[in-house]
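Put chain G with the ligand on the given structure of chain E with help from the hints.
Line by line, the protein sequences are chains E and G.
In terms of numbering that gives the first Met the number 0, the first sequence opens at residue 0 and continues consecutively.
In terms of numbering that gives the first Met the number 0, the second sequence opens at residue 0 and continues consecutively.
Read the hints as simulated data drawn from the structure, not as lab findings.
None of the values given here were measured: they were computed from a predicted structure.
Wrong hints could be hidden among the right ones.
Partial list, computed: chain G residues near chain E (C-beta under 10 Å) [what the hints assert, rightly or not]:
1. 3
2. 54
3. 72
Note that the Cβ used here is the ideal one computed from N, Cα and C, for glycine as well.
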Amino acid sequence: MPNSRSESGRSAGAHPAGAARAGGRPYDLAVVGAGPAGLAAAVTAADLGLRVALVDAGARIGGQYYRHPAPELGAARPERLHHGWSAFAGLRERLAAHAGVDHLAGHHVWAAERGPVWRLHTTHGPEAADRTTVEAGAVLLATGAYERQLPFPGWTLPGVVTAGGAQAMLKSGLVLPGRRIVVAGSGPLLLAAASSLVHAGAEVPAVVEATDYLGYAKGLPTLLGNPAKLVEGARHGATLLRHRVRLRRSGAVVEAHGTDRVTAVTVARLDGDWRPVPGTERRIACDAVAVGHGLVPQIELATELGAATRTTPDGAVALAVDAEQRTSLDGLFAAGETCGVGGADLALAEGVLAAYAVAGRPAPRGAVVRRDRRRAFAELMAAAHVPGAGWTGWLTPETDVCRCEEVPVARIREAVEELGAGDARTVKLLTRAGMGWCQGRMCGAAVACLSGGPEGRADSRPLSCPVPLAQLAEPPA
Amino acid sequence: MGRNPIDLVGAEPGPARTVLFDGRPVPALPGQTIAAALWAAGVLAWRTTRDGGRPRGAFCGIGQCFDCLATVNGRPNRRTCLEPAEDGDTVTTQEGHGHAELAI
Ligand code: FES
Chain E
0 MPNSRSESGR
10 SAGAHPAGAA
20 RAGGRPYDLA
30 VVGAGPAGLA
40 AAVTAADLGL
50 RVALVDAGAR
60 IGGQYYRHPA
70 PELGAARPER
80 LHHGWSAFAG
90 LRERLAAHAG
100 VDHLAGHHVW
110 AAERGPVWRL
120 HTTHGPEAAD
130 RTTVEAGAVL
140 LATGAYERQL
150 PFPGWTLPGV
160 VTAGGAQAML
170 KSGLVLPGRR
180 IVVAGSGPLL
190 LAAASSLVHA
200 GAEVPAVVEA
210 TDYLGYAKGL
220 PTLLGNPAKL
230 VEGARHGATL
240 LRHRVRLRRS
250 GAVVEAHGTD
260 RVTAVTVARL
270 DGDWRPVPGT
280 ERRIACDAVA
290 VGHGLVPQIE
300 LATELGAATR
310 TTPDGAVALA
320 VDAEQRTSLD
330 GLFAAGETCG
340 VGGADLALAE
350 GVLAAYAVAG
360 RPAPRGAVVR
370 RDRRRAFAEL
380 MAAAHVPGAG
390 WTGWLTPETD
400 VCRCEEVPVA
410 RIREAVEELG
420 AGDARTVKLL
430 TRAGMGWCQG
440 RMCGAAVACL
450 SGGPEGRADS
460 RPLSCPVPLA
470 QLAEPPA
Chain G
0 MGRNPIDLVG
10 AEPGPARTVL
20 FDGRPVPALP
30 GQTIAAALWA
40 AGVLAWRTTR
50 DGGRPRGAFC
60 GIGQCFDCLA
70 TVNGRPNRRT
80 CLEPAEDGDT
90 VTTQEGHGHA
100 ELAI
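Chain E on its own, in the form it takes in the complex:
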């Protein structure tokens, strides 16, 4: 479904199978991803005189964070479901006014190719001709992140959704998965999700957070350097209080109940290692569960090319960048969650810095300070929410770990204990865990943990999203 509709008012739309360039020459910069980091980078680079292609899989700019209803829904006050909407509104206006940026909406980049110029291969529909190659002198990866999930018995029941998914469906489709929604997992996204759900009319009987929040206390100076983050946290807290939402620290949903859909959950207290404490179980009736354990950077396009990575304090793999947002590959830059999950403010600052670096101009001091402070906060946050090893204590042998291939815990343990698998890759070959449609995006973290292999290993995939065979079979444009 090629989609050339764009709110930016300016759109390069769907190209016939061929190359996308700026006036016959490669673009100066191709930005992959139109969320906070990508938008900030694209308009800043254009301000600095560069010709920019803004390539994004979504129909509308904004990414997941600034996800908003389609114009046809006629939302007069979309900002009610957002924090920092004015920053987005500003970027959207600048983008619409800028002739220097071509927005390629609905274009999924499935591979990046290095050479004298960078070539990004994109697909925008099912037909052989629905493809475009974007050529550019430099590439900025601003592809964001997806959620980390830790399985629990019943997590495949309809009505159990990801915390980010509940947010996404609410922000774009104005719908809720149920009326009474338990929010569970770990990380700051939970509070944001719970507060938008209650704003939108859901009842949230509990927010169940696995950590005790004490991790933040270790970073007092970092906290004090980020007052905006404290205000944001306090605002969510006030919303939850006002709606009588109970925040349970050091707890987890250890089972979801129901046959065709979720009807209740069991929550339990966790010890410091995230092991469920026997005898502390409580049942809570609900018709939906929004669950997530933080975010994982989405970086396949770069790791496939061999870009250097680093392991963040919560065990995730992020792209390693220098002070100017350069990756280890010449001409490849990264900004936002791809460099380690840290939220929209950090992404905006990094996007600006990357644009200056690509343009070869000295970075504005303010953006550097903001980036450094927010990055320090991101590292503190990651350390505070690192999953404890004891979470496997709530699994049963029948719990499906891989949702796509329906591989239960027992089969993975068999591969490890009886067949001698020592890492996620071997487990995958023996059990098919991670070989299904989602390519391990939902089960990767759990499989790695259960296989006892090295954590935080970078995924590498020759294709970063599904591509019709007919497009692969075509000779290069």
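This is chain G with the ligand only, laid out in the frame that chain E set:
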């Protein structure tokens, strides 16, 4: 104060379209995806799994998990969380790998 998402953001969509889900009409607001229309109608499952025949619906909401697959207008394996709902779309619960009728 808005106690549903539509009122919260002051949405004034045009008239709803109708999609047929397993033969039953389900309203879809213009701009909603098929998954969103099904959620609004209280439907949470529209696929059964290949091995266990277990019900599934939307999980990630952003095109990553492939749990929301359904047959849309005769085409199997469509990610309904990404697919805009158009008037008259037929959506059918997808069983197994979605290619049953192709006998492969
Ligand atoms: S809900 Fe995950 S792909 Fe649609």
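Now for the hints, and whether the structure bears them out:
Residue-level restraint check for residue 3 of chain G holds (minimum Cβ-Cβ distance to chain E is 5 Å; threshold 10 Å). Look at residue 54 of chain G: its Cβ gets to within about 5 Å of chain E, closer than 10 Å, so that hint holds up. The interface hint given for residue 72 of chain G is violated, since its Cβ lies 12 Å from the closest Cβ of chain E, which is over the 10 Å cut-off.
Violated hint: 3 only; the structure is consistent with all others.
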